[in-house]
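Q: First to last, the sequence lines map onto chains A and B.
If you count the first sequence from 1, position 32 lands on 31 in numbering that gives the first Met the number 0, and the numbers rise without skipping.
If you count the second sequence from 1, position 134 lands on 133 in numbering that gives the first Met the number 0, and the numbers rise without skipping.
It is worth saying that the hints were derived from the structure and are not from the lab.
Quick caveat, the model's predicted, so the values are computed rather than measured.
Every residue gets a Cβ at the ideal spot worked out from N, C-alpha and C, and that includes glycine.
Relax, there's no trap hidden among the hints.
Heads up, simulated DSS-like pairs for lysine-lysine below, C-alpha to C-alpha not over 27 Å straight-line:
#1 B:K117 - A:K89
#2 B:K103 - A:K31
#3 A:K141 - B:K103
#4 A:K120 - B:K103
#5 B:K117 - A:K165
#6 B:K183 - A:K33
#7 A:K111 - B:K117
#8 A:K134 - A:K122
Under 8 Å between C-beta atoms, here's a sample of chain A residues computed to sit facing chain B:
#9 L66
#10 V69
#11 F102
#12 L103
#13 P104
#14 Y115
#15 F116
#16 G118
#17 F119
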Amino acid sequence: MKRPKGTIEEITQQISLAIQTKGLTKYYLNGKVKALRNLNLEVKEGEIFGFIGPNGAGKTTTIKLLLDLVRPTSGAAKIFNQDTIKNSVKIRRNIGFLPGEIFLPENITGIKCIQYFAGFKTKVDVKYLKSITGKLGLDVNKKVGDYSKGNKQKLAIILAMMHKPKLLILDEPTSGLDPLNQQTFYDLVAEAKRWGTTTFFSTHILEEAEKICDRVGIIKNGKLLNIEDIDDFRSKNIRNVYIETDEHIPLLQLRGPGIKKVEKTKDGYHLITVGKNGDVIKKISKLGIEDIKISEPSLEEIFMHYYKNH
Amino acid sequence: MINIIIQKFKEQFRGVIYYFIGLFAYAWMITGFYPSISKVDLEKLYSTYPEEMLKFFGATDMLSLSKFEGFISMEFLSLFFILIISFYVAASAGSTIAGSIERKIIEFQLSQPISRIKLVLSEAFVSLFYTLILVASSSLSMFGLAKVYDVDVSIKGLLAFFVVATAFLWAIYGIAIFISSLLKTKITVAAATLSLVMGFYVFTAMTNMVDKLRNYDKLSLFYMYNPQKLLETGAIDWTHIEILLGILILGLISSLIIFNNKDL
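Extracted from the complex, chain A is given alone in its bound form:
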């Protein structure tokens, strides 16, 4: 066995990192499209890391770079301390990948498709394979071409997880799944975490990230804006508050600490709040309001109002 080199801190860091990128950059069309800019990221072994960003933020490019499907313009990436280009085949033995759009051989049955992709793996746990197939409720005797989008997604989840990989890379994993199967999927990811699997997944659904992630990275326009612990992220508690009222309330009166945005709407006012909403509710309760609705804003709204200065 090879002894790791370096200081104790360096060795500890090397051993415990599942993904490490340094200055990872990808430009397309001779630099006209800057898909990813100087990404420095560290994902620890065993954690579930959410990569959050709107469409076109650079999430899929990052995943493609990690899988050596595209080559970086500059910078480098390591998975389990191995270079993703030099050791790509070796690295992929320990990876389960779920692409954002599923394109599988259409003219074979689900079971034949599983057998085909199992042929690439060193070892497949048949008991586990049967268990996840059962949990997802997929009829593997149907032709892949006859599957609905959701069933193709289920098959791709099975293909990504059947060999119990050390690292799961998931690109928008729940698109196409109904809420029941989404929950089954979250359970599978949580179960994989229990036996030490690291999960790196991209999403634009905040609720999903909040539900299963340990940490999240926020990416926009190819730049990593922030990496946050999920508890800190949750504590931001960014919310849309819709006040229904016939009364005219000066906007200045609605502004205050914890309120990021105030605007007049057809039926009243719209606020974007950050943090605990107690003070805001106390404040607006003194005004003559008819109704109040509080909801989670879309990712685009969050980027527009919370990360706009990044």
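Dock chain B against the given chain A, drawing on the hints supplied.
A: Below, chain B alone, put in the same frame as chain A:
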């Protein structure tokens, strides 16, 4: 790697059977015609044709056209046979790189622990094997059909034809896989390859017809493929085989270099 090979064998099997049926039916038709046509003075008949037309379809000399080897070469092996198998070769090479990228199945395949080189070589192995099978089965069909219609054909000549035709079509595969690494869709790869094959054929025909071009005949791939001569003499020019295999290897290596550095 083995699972890709098995899967590709299964995927292409039915298509290859259809190609074989088409080739067999055509060979049957031509061989079936020959006994009655041979009763006619073929030499006289062909002498009424424009010389350029005969040369265009690969006739080297009038005397040999009356023989079965000359007749089947002109009517089947010199162009139709090559075009049909070239279509298979171009389509399978086109689906290996350009088609897989076009259908987007390559991303998931390459997320598996397999290198790009092994993926392409596995698929190339299947295509080259099936090409060999198509040439072998066509050669055997011609032998069997000749027996049925009581026509003499030399086994040595058929063997020589099998070896050279296989190498020739493998060279076309080498060109097609190279084109596949450059273009973006399977259909454009097939169209470009078939245009090139037709271009080579027309060029060879032109070198036969136009004196000024005669010295440039070596520039065409068809210079190394003369079915009539092969069937008659059974002699293989091994330098030609080396060149044809060299084109295959060069095409494969170039496509692998390009594909290995391609963003998917």
